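With the hints as constraints, model all of the structure from the sequences given.
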Amino acid sequence: MTVLNKARGAAVMLAAALALGACGGSSGSSSGDQAGQGGQGGPKQFSVALNEPDHLMPGNTSSSYSITVLQALFDTLVVLDPSGQPQMRAAESVTSQDQQTWTIKIKPGQKFHNGEPVTAESFADAWNATAYGPNAWTNNYYFTNIEGYADLNPEAEGAKPATDKMSGLKVVDPNTLEVHLTEPFSQFPITLAYTGFAPMPKAAFTDLKAYDQAPIGNGPFALDGAWAHNRQIKVKKFAGYAGARAAKADAVLFKIYASRDTAYTDLRAGNVDLLQTIPPASASEAKKLLGDRFVPTASGTMDYLGFPVFDKRFQKPELRRAISMAIDRQAIVDAVYSGAFKPMSSLVAPLVPGYRETACGEACVYDPAKAKALYDQAGGFTGTLNLYFSNADPSYEQWMQAVANQLKENLGIADIQFRKIPAADYLSTLREKKEDGPYRNNWVMDYPSPQNYLQSMWGEGNRMGWENKEFNDLIAKANAAASMEASVPLYQQAEDIALREMPMIPLWNWQDQAGYSGKIGDVKIDAYSPNLDAITVK
Amino acid sequence: MRYAVVRLLQAVPVFVATTFLIYTMVWSLPGDPILALAGDKPLPENVLQALREHYHLNDPLIVQYGLYMAGVFLRGDLGETFTGQPVSELLQDRWGVTAQLALTAWVFELVVGIGLGVLAGLRRGRLADTAVLAGTTFVIAVPVFVVGYTAQIVLGLNLGLFPTAGTDQGWPLSYLLPGMVLGSFGLAYVARLTRTSVVENLRADYVRTAAAKGMRRTRIIGRHTLRNSLIPVVTYLGVDFGNLMAGAVVTEGIFNLPGIGQQVFQSIQLQEGPVVVGVTTLLVMIFILANLLVDLLYGVLDPRIRRG
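Sequence lines, in order, name chains A and B. Quick note: the first sequence uses full-length UniProt numbering, first residue 1, plus one each step. Quick note: the second sequence uses full-length UniProt numbering, first residue 1, plus one each step.
Please keep in mind that the hints were generated in silico from the structure rather than gathered at the bench. You may find that some hints are simply not true.
Computed Cβ-Cβ distance ranges for the label pairs, DEER-style [unchecked claim]:
1) B:P60 x A:S93: 53 to 63 Å
2) A:A281 x B:L21: 35 to 45 Å
3) B:G135 x A:Q401: 32 to 42 Å
4) A:G291 x B:L282: 46 to 56 Å
5) B:L61 x A:K312: 21 to 31 Å
6) B:P232 x A:N391: 56 to 66 Å
7) B:P86 x A:A414: 48 to 58 Å
8) B:R75 x A:P422: 27 to 37 Å
9) A:Q377 x B:I62: 31 to 41 Å
10) A:K312 x B:E53: 54 to 64 Å
11) A:N391 x B:D205: 56 to 66 Å
Footprint (simulated), chain B over chain A, 3 or more residues, beta carbon under 8 Å [what the hints assert, rightly or not]:
12) 131-143
13) 257-266
Given the structure is predicted, the values throughout are model-derived calculations rather than measurements. Just so it is clear, CB atoms sit at the ideal spot from N, CA and C, and this is done for glycine as well.
Okay, structure coming up:
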């Protein structure tokens with residue numbers, strides 16, 4: 001168990017998306033200054049440590065490892081800059097009057113690696129294929145808000161869709177795509193930065209299986225040779241690239257590792273140039289060894305403690321707040337995660353626009369006396385308190401034990417039991433609402449919008465069984481706001497309600513650690529991309 | 001010859017029984033593999049359905065097993081992983097790595113283990129014997145992953161004697177260190193087994209008789225003692241070859257060798273029935289073959305068995 005990488009808990013993560021591990025640029029950019037190209041001959045190539053991707057079909061993977069490769073192979077319409085703001089890449093503009101009908105203008109002159117031009121149709125084809133139910137691709141879910149999605153995904157069991165094209169996608173001309181959403185959604189441009197929205201050439205559709213093994217993209221790098229499963233993926237500079245981020249290096253070799261520890265040893269031995277996931281246990285050592293070349297990077301991943309609000313015993317917000325105040329987040333983070341994670345007093349991660357450091361106020365501040373008073377006022381808790389977590393990683397049990405001790409000590413809850421659930425069973429347990437006590441809830445950000453956190457976890461049909469009309473209305477209003485800036489205050493109001501009611505307690509925000517060898521420079525890893533195109537080889 | 005054929009035929013029911021057993025075990029693991037695949041994000045119901053149908057997860061166990069076996073025998077199709085890679089292709093990719101690793105470990109075990117064992121046996125009670133005893137005790141006591149990481153960091157990273165990880169340098173260079181780590185446990189056993197056996201045989205009547213007849217000591221040891229001493233060792237080495245193939249999980253993980261062990265571990269976690277069954281079936285076959293070879297070798301070493 002110890003040696004195989006758990007890849008954040010699952011080999012195939014339907015998550016990660018943009019949250020590859022990285023930070024708001026500021027800490028990452030200073031390290032690449034010394035750069036400079038050595039003038040020797042031979043191709044300039046560097047290597048990146050990776051876990052085996054599950055797929056390379058943009059529509060069928062959300063594994064962070066696949067996305068690292070796909071970001072080198074594809075130019076999405078939009079990208080996120082280090083501060084999380086959308087910037088145009090393959091698109092010239094993404095505009096809307098009513099936040100419901102969006103017009104996407106595509107930059108002319110872009111080409112796929114096989115020479116095909118990148119047009120509005122390239123995007124429409126890719127999105128239709130991903131949304132087509134019978135294909136059963138992972139990113140199907142991201143297209144639910146496009147008009148006509150339902151026709152491609154009939155509810156009835158075994159029903160075959162009558163069409164394979166969403167009515168909400170209209171190719172106006174080769175460079176213009178019109179998208180009709182089912183309801184206004186001001187965050188739409190941000191979502192386009194996700195590789196699940198990448199374009200596909202016509203050539204892909206003659207043999208989708210082959211395309212999954214050897215994708216043809218429109219990015220600065222093109223696949224070089226076959227994907228050698230569990231060994232390596234090689235990409236080379238695409239000579240016909242017309243975009244704004246031509247590759248600085250000639251080639252990138254993705255070396256595939258099964259264990260993060262081994263990848264880290266190889267980084268130390270100089271056998272691999274860039275590792276985005278240094279094991280937390282090795283962080284302090286890596287810091288010493290690598291100096292400037294150690295890059296701690298904030299991530300959008302959060303841990304929460306959720307309550308089964310549908311259970312009578314957890315229906316009082318005062319009780320839930322009391323539990324929140326009885327937990328010493330900093331002590332747990334220091335003990336279990338060597339202080340690498342950040343205690344949170346907000347429902348969204350720090351890198352999300354609209355984040356407020358103390359949104360939670362005193363309800364997330366450790367205060368045993370106040371917690372106890374609030375607890376007594378709420379009438380206390382009777383019976384057995386079961387704590388739920390999965391066995392995917394030993395650290396979950398460690399911090400749950402710490403939480404249990406603090407609740408015992410600070411609130412006097414005597415009977416606390418642990419419910420360690422097999423990883424494969426954990427989410428279905430929660431989905432079926434079989435839990436009768438607080439549970440570990442983890443969230444990997446898809447895109448940096450408060451909406452991604454709030455609506456997904458607190459919105460309608462949430463796991464806790466928590467219902468609040470005011471909250472739902474605010475989210476709907478924010479989604480329909482005239483601009484992203486205008487939406488932020490509305491999301492914050494919704495967040496305040498969720499914090500006041502506290503159906504789920506924020507605990508801490510994850511952090512990743514990247515490191516690189518002295519052979520490469522201009523390493524600018526941020527929260528949304530490792531920016532492999534910018535890296536220079538010395 | 002007839003003996004060999006009978007032994008091979010015996011492998012058929014073993015094959016059917018083990019595959020079914022393994023299939024049942026994977027099938028009865030808790031949780032829904034498709035839901036687990038989806039992680040925290042919702043998969044629409046129709047997508048779930050399509051995936052379940054594709055992998056026959058809605059059918060009863062016996063139908064799933066039947067379909068799988070039909071695929072294996074009628075189409076030579078070992079099924080596919082949840083990421084859509086055919087198992088046969090996957091095994092092709094990975095088999096060689098594990099075989100090379102196991103073979104390296106096995107040869108290391110055989111040569112060094114027997115060598116140390118004979119040395120210790122012949123010098124019973126002397127320094128060499130004590131050193132072997134102490135060394136092997138140490139190796140048996142320390143868990144493989146400790147030996148693995150230590151060897152990797154000291155011999156690979158710090159001293160640079162071996163590659164730290166991966167198969168870039170090919171056989172034998174990339175496989176030497178992992179092979180030694182993997183074989184170290186068996187080596188300790190082989191050495192001790194050989195030692196005991198040699199000591200025992202040196203006291204045997206036939207050795208005294210041979211010495212009394214004036215036979216040279218080297219000939220007594222080489223022709224008689226060793227040959228008789230090796231019977232239990234050969235048994236162990238035969239069975240251990242199978243163990244090495246199966247036991248490569250940890251070593252392959254540490255040294256990043258993309259072999260069978262790594263794959264089985266990942267597949268059990270993902271509940272990928274076809275992969276687990278495919279790989280374990282092959283492991284079973286290797287076990288059976290290794291045992292068969294051991295039995296045949298007995299005959300060579302001890303004619304009484306061959307004629308009996």
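Structure-based check of each hint:
| no. | hint | verdict |
| --- | --- | --- |
| 1 | B:P60 x A:S93: 53 to 63 Å | holds (55 Å) |
| 2 | A:A281 x B:L21: 35 to 45 Å | holds (38 Å) |
| 3 | B:G135 x A:Q401: 32 to 42 Å | holds (40 Å) |
| 4 | A:G291 x B:L282: 46 to 56 Å | holds (47 Å) |
| 5 | B:L61 x A:K312: 21 to 31 Å | violated (39 Å) |
| 6 | B:P232 x A:N391: 56 to 66 Å | violated (41 Å) |
| 7 | B:P86 x A:A414: 48 to 58 Å | holds (55 Å) |
| 8 | B:R75 x A:P422: 27 to 37 Å | holds (33 Å) |
| 9 | A:Q377 x B:I62: 31 to 41 Å | violated (59 Å) |
| 10 | A:K312 x B:E53: 54 to 64 Å | violated (40 Å) |
| 11 | A:N391 x B:D205: 56 to 66 Å | holds (59 Å) |
| 12 | 131-143 | holds (count 8) |
| 13 | 257-266 | holds (count 8) |
Going through the hint list in order, the structure does not satisfy hints 5, 6, 9 and 10.
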